Amino acid sequence: MSFKTIDEANQAVIDKIVQSAPFLLDVVPSKSVIKELEGHMLLHAGPPIAWEDMTDPMQGSCVGAVLFEEWADNEADARKMLANGEITFAPCHHYDAVGPMGGITSGNMPVLVVENKTDGNRAYCTMNEGIGAVLRFGAYSDEVITRLRWMRDTLGPVLSQALQTMDDGLNINVLVAKAIAMGDEFHQRNIAASLAFYKEVGPIITRLSIDETKKEEVSQFLADTDQFFLNIMMAAAKAVMDGARMIEEGTVVTAMCRNGKDFGIRISGMGDEWFTGPVNTPQGLYFAGYSGEDANTDIGDSAITETFGVGGMAMIAAPAVTRFVGSGGFYDALNTSNEMSEICISQNTNFPVPTWDFRGICLGIDARLVVESGVTPVINTGIAHKQAGIGQIGAGTVRPPLTCFEKAITAYAKKLGMSN
Amino acid sequence: MLQTIIKKNSYQDSVVLMLLTSKLNQLDEVLRVSIMMGTPSNIDIFRASGFDTPELSDASSNDMVIMLEVSSEDDKEKVLSIIDEELSSTQDSSGEVEETINSWAKAMKKAPDASVALISVPGEYAALEIEQALDNDLHAFVFSDNVAIEDERRLKEKAHDKGLLVMGPDCGTGVIHSIPLAFTNNIRKGKIGVIGASGTGIQEVTTLIHRYGQGVTNAIGTGGRDLSTEVGAISMLDSIVALNDNPDTEVIVVISKPPAKEVEEKVLNVLRKVDKPVVTLFLGTKPTFHEENLYHAYTLEEAAQLSAKLLAKEEVVYTPSPIINLENKPTGKGIKGFYSGGTLAYEAAFLLEDALGIEHGSSPEGFTLKTDLHEVIDLGDDMYTKGKPHPMIDPEIRINKIKSVVEDADTGVVVFDVVLGYGAHDDMASALKPAIVEAQKELEKQNRQVNFVSVLVGTDEDPQGMDEQKRILEEIGVTVCENNVQAIRTALNQVGATLDLLEKDVKPKQASDLEKLPETSAKLAELLTEDPKIINVGLQSFTKSIIDNKADVVQFDWRPTAGGNVKLQKVLYFLNHYTF
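So the sequence lines, in the order shown, correspond to chains A and B.
Residue numbers for the first sequence follow the UniProt record's numbering, so the first one is 1 and each next one is one higher.
Residue numbers for the second sequence follow the UniProt record's numbering, so the first one is 1 and each next one is one higher.
No lab work stands behind these hints, which were simulated from the structure alone.
Predicted, not measured: the structure shown is a model, and the values here were computed from it.
A couple of the hints might just be wrong.
As the list claims (entries may be wrong) - Once the Cα atoms are required to be at most 16 angstroms apart in a straight line, the calculated EDC-like pairs of lysine to aspartate or glutamate come out as:
#1 B:K441 to B:D408
#2 B:K158 to B:E131
#3 B:K509 to B:E265
#4 B:K110 to A:E200
#5 A:K215 to A:E200
#6 B:K106 to B:D408
#7 B:K370 to B:E359
#8 A:K414 to A:E273
#9 B:K109 to A:E342
#10 B:K106 to A:E200
#11 B:K507 to B:E359
#12 B:K106 to A:E339
Said to hold, decoys possible - Which chain B residues stay away from chain A? Per the calculated CB distances, all over 12 angstroms, these:
#13 F51
#14 A105
#15 R559
Ideal Cβ positions, reconstructed from N, Cα and C, are used throughout, including at glycine.
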């Protein structure tokens with residue numbers, strides 16, 4: 001160990017984040033990279049949770065996954081299996097993965113493979129299914145299952161083939177740097193990055209020697225799916241943060257996630273340990289016909305983007321979405337990012353934000369600063385209906401409970417020998 | 001209907017909230033209102049004052065809690081909108097966003113060459129902030145009170161070891177290189193250096209020096225407990241040595257309440273080694289002689305006057321301001337002193353004791369002096385200000401006291417102070433006027449004569465305008481005095497008593513045990529010779545005097561660290577100071 005103080009340890013962690021080089025290598029069935037998914041296991045978002053504690057949308061996602069995997073052919077049987085312990089659950093984070101909203105990932109779902117070239121570690125994330133009735137928000141109708149199968153049989157393989165034509169895979173940092181200048185913050189708004197991604201793979205797909213219908217379907221899907229890049233960003237952020245937490249000291253937050261019941265964080269000095277507190281319900285705007293009454297509690301691994309420094313932390317990069325996520329306007333976005341910079345150690349100059357006078361995105365949430373100031377990270381998030389199957393009903397912001405950070409630094413102080 | 005409104009994560013300084021509370025209380029719609037931050041101790045105060053609701057337990061230290069009793073929902077909305085308006089009017093709403101400074105790291109980045117931290121955070125958090133200031137190599141000017149005396153000693157020792165100075169805690173007033181800090185007056189720049197315990201003692205002496213045509217280099221507050229046995233005069237001794245070495249200072253004045261014997265010896269031992277002429281004032285002791293070049297004053301007026309004369313190389317003789325003769329003799333014999341300044345109240349009390357032969361120190365709590373006939377009250381005392389602004393800002397407590405005179409047939413003279421300067425009420429004379437006029441009318445009906453005598457503490461350069469304040473008071477028949485001694489002597493004269501002021505011989509200076517004075521640290525020397533660059537930790541209004549006098553200040557918008565949770569503060573301190 002080459003550092004003397006926690007500040008130095010933290011600096012080592014954030015140096016790793018700055019130097020990281022995530023590349024999108026492939027899209028593969030998850031069970032080919034996570035062996036445990038060959039059995040009857042499902043990965044979920046957030047810290048560990050039991051079936052009976054899951055909120056309705058997450059349970060709905062589980063039902064959808066069981067139907068998709070054909071472990072059961074109807075909802076009743078699927079629920080029975082899930083409830084009686086035939087299927088085991090584990091957090092995505094425990095298997096180098098992250099999952100949006102419910103985060104439910106099963107063996108035959110294709111996952112994006114991102115490698116952090118500086119540390120050689122990889123991270124996985126399922127692909128974005130688009131909007132409306134989708135599995136991640138708890139929908140499990142035939143339409144949803146059919147789309148998942150198409151993603152398994154067509155989208156995954158086609159993208160895999162396209163990525164294989166690149167010698168080193170696709171450099172994510174380049175896309176992020178481009179898209180942040182085009183108004184994306186990578187959690188609520190990914191349209192620029194999704195188009196930039198399509199610009200890279202589109203021409204390759206047209207050249208592939210595959211069935212024309214597949215080319216058309218995949219091209220149309222990528223063109224239609226404004227949030228496609230979000231899941232790539234999530235996998236990239238996970239790969240970067242996992243690389244950084246190889247430094248096993250310090251107070252930098254290396255993961256934030258929620259399972260609908262608990263919010264969980266990790267800090268570099270405490271390795272794999274989760275520090276949890278009860279989740280909040282997002283505040284924001286609702287689609288017509290819905291209100292806060294209908295909102296599910298906070299859910300998903302997507303807060304890995306805020307952990308990396310984008311999303312709500314980079315609100316100022318995307319004034320276009322500021323109103324949508326429930327704040328007032330440009331100056332509110334500016335205030336949000338300014339406030340976030342107060343709980344971060346530094347700024348990542350790899351990703352300068354034009355609307356922030358080219359200051360880099362927030363870098364390195366320090367759990368000490370969070371506790372000291374009482375300022376918690378702002379997370380931009382979608383809002384799920386609390387009833388499974390209805391899907392997304394709005395978008396807004398949410399903050400983690402402060403207690404996660406308090407528990408984390410208290411545990412770390414104890415580990416370092418602080419007596420009561 | 002009594003309602004609890006909790007505004008989450010909305011930190012406001014207690015002074016701001018108290019002023020707001022006081023303003024709202026005057027509205028007809030409001031039956032009762034109290035606004036405080038939801039700290040555990042404030043919640044206790046709420047409960048004790050009858051605002052006990054179940055919602056209270058949801059409030060945290062960073063939440064603003066409004067307890068409001070109004071008769072209708074409309075009134076509630078109106079009051080809430082007034083609150084929002086008041087609070088937002090102090091903030092910039094032009095849309096421009098300035099980065100707020102809310103950590104030491106940011107403050108030091110913004111002002112890397114800062115020399116002084118002006119700390120006015122709630123007392124329970126002050127020790128940690130003083131420590132942080134010292135860790136950042138800053139002198140600390142500590143307005144906060146309620147710092148544990150063990151902390152005071154430890155922090156002052158730490159400061160001394162680093163060549164830094166802790167002024168305070170409970171330091172109300174200071175002038176550093178002619179820049180006024182905290183509750184202080186605009187004093188002419190000059191050649192007299194003043195060291196004093198805390199607030200109005202320094203204000204009275206420095207404003208009198210100004211009126212005598214002289215000026216002040218530095219006025220250093222040490223805090224009321226510096227000369228206690230526990231603290232051992234650490235700040236006082238460093239300040240004396242530093243002023244002795246300071247090229248701009250030619251005369252030194254030291255003001256304090258009587259210290260512990262061994263501490264007094266320690267201080268005198270250093271003073272007797274000082275090259276420059278020194279005036280000492282141990283308030284409440286009656287010295288009978290001077291020493292050569294070391295003059296022992298009895299009153300604040302004497303201390304100010306002797307220092308001015310020393311500087312002007314005039315004969316060093318105390319000539320008190322003349323007693324003012326009033327035509328109408330009062331019907332009562334009792335003197336009532338209602339002071340906003342603690343030191344002024346203290347001086348008034350011992351002068352009355354001296355003149356009237358009253359025994360020292362037997363007054364009940366809440367009174368600086370109380371006999372059957374006479375009383376002197378320091379209305380700035382904690383027991384009167386709990387949950388209320390200081391009487392120097394808020395006239396309410398004194399208005400009530402002035403009204404009470406009507407009920408008390410023994411009262412003959414009412415003495416009160418009007419303190420001007422930064423931090424004080426911007427028009428105290430007008431604020432007190434209606435109560436005095438009303439009392440006078442009532443007294444007339446009773447065929448009684450009560451004379452009102454005031455002492456005006458301030459200079460012609462103070463923002464309130466001294467002449468105008470004087471005019472307002474005199475117009476309603478208040479006798480306005482130059483200083484506190486004149487006010488007390490004038491009051492005594494009306495009840496047929498006199499104060500005996502001694503003429504003192506000059507004896508040779510007693511020998512000092514010290515071989516030579518300790519050296520002044522480079523940082524302390526710098527403090528007294530350069531304009532301070534200040535980080536203002538706490539009350540935003542304290543930046544005004546600094547900005548007005550064209551010195552640099554950075555506002556640190558302080559909130560309690562870790563929401564005021566002491567256990568977490570300790571964890572943070574441990575982690576921040578941990579070495580692998």
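These are the hints, each one checked on the structure:
1. B:K441 to B:D408: holds, 15 angstroms
2. B:K158 to B:E131: holds, 9 angstroms
3. B:K509 to B:E265: Holds. K509 (chain B) to E265 (chain B) sits at ~14 angstroms (cutoff 16 angstroms).
4. B:K110 to A:E200: violated, 44 angstroms
5. A:K215 to A:E200: holds, 15 angstroms
6. B:K106 to B:D408: Roughly 57 angstroms separates the two Cα atoms, so the pair is violated.
7. B:K370 to B:E359: holds, 11 angstroms
8. A:K414 to A:E273: Measuring from Cα to Cα gives roughly 14 angstroms; hence the hint holds.
9. B:K109 to A:E342: Between K109 (chain B) and E342 (chain A) the Cα gap is close to 13 angstroms, so the pair holds against 16 angstroms.
10. B:K106 to A:E200: Violated, at about 42 angstroms.
11. B:K507 to B:E359: The given pair, whose Cα atoms are some 30 angstroms apart, is violated under the 16 angstroms limit.
12. B:K106 to A:E339: The given pair, whose Cα atoms are some 13 angstroms apart, holds under the 16 angstroms limit.
13. F51: holds, 24 angstroms
14. A105: Answer for A105 (chain B): violated, closest chain A Cβ roughly 9 angstroms.
15. R559: Non-interface label on R559 (chain B) violated, nearest chain A Cβ at 7 angstroms vs cutoff 12 angstroms.
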